[in-house]
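**Student:** Spelled out from the first residue to the last, the chains are:
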Amino acid sequence: MIKRVTFRHKWLPYALLAPQLLITLVFFIWPASQALYYSVLQQDAFGLRVEFVGLQNFVYLFSDPTYLKSFNVTVVFSLAVAGLSLSFALLLAVMADRAVKGATAYKTLLIWPYAVAPAIAGVLWYFMFNPAVGINAWILQTWFGYDWNHTLNGGDALLLIVIAAAWKQISYNFLFFLAGLQAIPRSLIEAAAIDGASPLKRFWTIIFPLLSPTTFFLLVVNIVYAFFDTFGTIHATTRGGPYGATNTLVYKVYNDGFIGLDLGGSSAQSVVLMVIVITLTVVQFRYIERRVEY
Amino acid sequence: MVENRPWLTVISHIVLIFGIGVVVLPLWVTLVASTHAGEDLLTAPIPMWFGDQMVENYSQMLTAGMHHVSGQPLTLMMFNSLVMALTIAIGKIAISLIAAFAICYFQFPLRMTCFWLIFITLMLPVEVRILPTYAVVANVFTPLITVLNYFGMEGTELVLPGFTIDLDLSMLDSYAGLTLPLIASATATFLFRQFFLTVPDELTEAARIDGAGPMKFFRDILLPLSRTNIAALFVILFIYGWNQYLWPLLVTTDPGYTTVVMGIQRMVNVADIEPQWNLVMTASILAMLPPVAIVIFMQRLFVKGLVETEK
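Order-wise, the sequence lines are chains H and L. Under the working numbering, think of the first position of the first sequence as 1, with each following residue one higher. Under the working numbering, think of the first position of the second sequence as 295, with each following residue one higher.
Rather than coming from a laboratory, the hints here were simulated on the basis of the structure. Heads up, the beta-carbon is just placed ideally off N, CA and C, and yes, glycines get one too.
Computed Cβ-Cβ distance ranges for the label pairs, DEER-style:
no. : chain 1 : residue 1 : chain 2 : residue 2 : range
1   : L       : 505       : H       : 11        : 17 to 27 Å
2   : L       : 376       : H       : 188       : 46 to 56 Å
3   : H       : 68        : L       : 454       : 46 to 56 Å
4   : H       : 191       : L       : 304       : 21 to 31 Å
5   : H       : 33        : L       : 336       : 49 to 59 Å
To spell it out: a stretch of chain L is covered by chain H in this simulated footprint if at least three of its residues, at any positions, have a beta carbon under 8 Å from a beta carbon of chain H; those stretches are:
no. : stretch
6   : 320 to 329
7   : 395 to 405
8   : 414 to 428
9   : 550 to 561
10  : 571 to 585
Taking the hints into account, I'd like the entire structure generated from these sequences.
**Tutor:** Structure below.
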């Protein structure tokens, strides 16, 4: 936690920590405490008085069908993004682990989407699935006779942002899976091969179980990503619609608070989100091999 | 490779090429669309090979922008994005370096408290505290005023003997507002802390015997040793800063401060008409170009940074 050899100084350490702490207090701790504070208050229609209402905002929130729907959408969305992106990335990583020739070229061509902003990723897929001119929508229409329309069909809209969000995350998952695969001792796999285990059997009985720490770590990271980093993907494309089909919790907190100006309700939503982040962070630090030691 | 199975090698290459096809397809479609005239993209199927409008599209977007949506040239937006990305990356690295140095190399009261305060920021992304953070940026003295009011001060003016300070400073529509609230970073502080813990104590002892003070040790020994870590972190943070979306959306209303990633949604979400896809795609390519180029050309640093920030 601390170096054995340290320096002694009365004020220098505080001065060094001051910028970080000042920004943390003003822009993180203070707003978060305000959200906590306002989540138990209710403002009247004119914004003139506030009164203490206890947990009423939360009770209201969890009896509000649009909020429950949004919760539902977020859970389905995150699991779909994590599942799609992880399985695709694992497949590619296993193949890239085998390929000796061209490994660097494959890697380069697969990692660049990491650098694309979630909002831009959304726009690219939004264009490709555009019902009028999009190439994917056209293929679905002419080859499969499916009328894709994400502006009217909620399922299509949700699938669109799932694909856009999962696409961007493939690079990240691929890199970590590849590193995980390369860390598996060759001797184990060779021993299994000598015993006559086929590649598929080796994968399910040796490689996949040994990869499980990586998989679990990536699962948490992907869920955090789907929860909190996909605001841009949704805001730039479907805007929560149609009829709330892509209205995730983060999009809703923005919409209710910033556009709808509902202080109490939006703060209660913020508090719920904080609880979710804290839970996910605790899971990440507690159950995934201790990556940070204190 | 464990054993020689030629057909399996062929299959793995086919799967990889197919996978790359899926990953690269959006880039291809975007690139192609950005070289066509608007009329070519009005009916399906749209062309899959390059058109001849590339120069026109790119020069229009770079110098004039899209007319009916505020009409800011993309050079301005990209400049704003660059300022934002560089300030966030350099700012985060600077304040995290010195904070990690203080936490690792000094013994002082409240050391653990400071550490945990920084740790908490990990659990408070902007997304969960949108409204109150906006209120603080609208007047950065809000916390101070609340505390002073609690102790009996009235209004928002701090009256000191001899002069009065009006505690009202808005950071909306400014580079400071765009960057400062995003500069605190638990991840970067942890990263440097981890690294400092691996630096041999003998170096510190030797420096002290030679009479070097803490700041001289920091500047002449610790900083040069951290060079690769700083570079790797810079790559990740530059991408992070460039790709910010929600924050610029909240704190800027003046089109002069629009960043390119946030500006594109205005071009897509046009009321009642189809967006001008050729120009939207041109803007998308320009918005992706800097971060993607960094990932491709600084691949080793990028991978190092990615792996290390997750520790």
